[in-house]
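> These protein sequences, in sequence, are chains A and B.
The first sequence begins at 2 in our numbering and counts up one residue at a time.
The second sequence begins at 471 in our numbering and counts up one residue at a time.
The set of hints was computed from the structure by calculation and includes no laboratory data.
Keep in mind that a hint or two might mislead.
What the hints assert, rightly or not - Pairwise CB distance ranges (calculated):
1. I679(B) <-> H142(A): 20 to 26 Å
2. R73(A) <-> Y625(B): 53 to 59 Å
3. Q158(A) <-> A492(B): 29 to 35 Å
4. M651(B) <-> S66(A): 25 to 31 Å
5. R530(B) <-> R13(A): 28 to 34 Å
6. R530(B) <-> D118(A): 35 to 41 Å
7. S122(A) <-> A678(B): 54 to 60 Å
8. P20(A) <-> V674(B): 34 to 40 Å
9. I679(B) <-> D133(A): 36 to 42 Å
As the list claims (entries may be wrong) - Coverage of chain A stretches by chain B, computed from C-beta distances (three or more under 8 Å per stretch; other residues unrestricted):
10. 36 to 43
11. 59 to 73
12. 118 to 132
Ideal Cβ positions, reconstructed from N, Cα and C, are used throughout, including at glycine.
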Amino acid sequence: MSQTFAFTVNGRAVNVTVPHDDTPLLDVLRNHLRLTGTRFGCGLEQCGCGFVLIDGRPEKSCGCSIASVAGRSVTTIEGLATPDSPHPLQQAFLDEQAGQCGYCLSGILISAKALLDRNPSPSRAEIARALDDNICRCGAHNRILRAVEKAAARLRQGGRP
Amino acid sequence: MTLPSVLADNPRLDQWLNFATAGKVELATGRVELGQGVLTAMAQIAAEELDVALERITVRSGDTDRTPNEGYTAGSQSMQAGGIALREACAQARALFLDHAAQRLGCVPTELSVRDGHILHNGAATQFDYWSLAQSLDLAREATGNVPRKPVADYTIVGRNAARVDLPAKVFGEATFVHDMTLDGMSHARVVRQPNRGAKLDSVDEAAIRRCAQSDQFRPRRQFSGDRRRR
């Protein structure tokens, strides 16, 4: 039986009606809200390309039921920033040319944001650990690590979070 | 001279490039971006051969109605086959523009050169550029393969790093992957296969599937398997 759930996405209040309360958040974002920046990779919480922030914490949207996010606040890659005013992470990924096919990047940027929110001065090892759940099959890892380091440095120098 | 095979297959120059927007060069390639950086590389090749700034190049890709038919994007062939074809098409277009400008200026093409799309006569500026000349130069003509290409020693764009043209959309979550595309009248379909080889479909609760899928397009096919081919 259809049910309606209310939550917040990128600062916007939404109501979504789905056939089942165990519908994954990922499906709701992509199919109902057309926020396709969050990617479907494996759908089994193994690849990390579906990361979003829920109340500020990184969660795999393929593994979260819509019922579990009712009343909560979700941030997707589309909510991080815009091309007119990029988040320091996005700018650093462009500066370092950190990405190839780009399928993993939404999840990596979300994981990296969650890291920098809780640890403004991560070591390279800490960055690698924080991104351990994010698979990049193209092999852009070194550029990605450099980009997160660069963004962290800029944020410490007063860049907009 | 023999044309590169992909250009021979798609010989009309306006299939490959146009100057319809002032200050811009729009390329069309039958290759698609899979993360290998091919659109950036195509832009570099064209900018180099045409003598225009890389920033002036836009690349259309993945639209089979409006790009040359280059077959698959596979086998490391995008540069070897497609890039070479594009380079030749750009060299031909550049030569046509210089011929056209020479007629208008009453000089010979060898006295002309191009700097960022602007035509120079013995190194001095003229009133012509690609975009003004394009008003009276039709690129709907076939490549001939009879023009010189830019010497590799003169390259300033190819062989140097360039920012990927595909990356901005990817860091802002705006990139469109195949399954993000929505086309008019598009339906989704799923083939439900037998759980193991040789299994036969016994029965299907079609009404339940229709309720669940909210679809009237359910198509039961009893023997949708290799068994049919074997008979």
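> State for each hint whether it applies.
Checked hints:
no.	hint	in the structure
1	I679(B) <-> H142(A): 20 to 26 Å	violated (43 Å)
2	R73(A) <-> Y625(B): 53 to 59 Å	holds (54 Å)
3	Q158(A) <-> A492(B): 29 to 35 Å	violated (40 Å)
4	M651(B) <-> S66(A): 25 to 31 Å	holds (27 Å)
5	R530(B) <-> R13(A): 28 to 34 Å	holds (33 Å)
6	R530(B) <-> D118(A): 35 to 41 Å	holds (39 Å)
7	S122(A) <-> A678(B): 54 to 60 Å	holds (56 Å)
8	P20(A) <-> V674(B): 34 to 40 Å	violated (20 Å)
9	I679(B) <-> D133(A): 36 to 42 Å	holds (40 Å)
10	36 to 43	holds (count 6)
11	59 to 73	violated (count 0)
12	118 to 132	violated (count 0)
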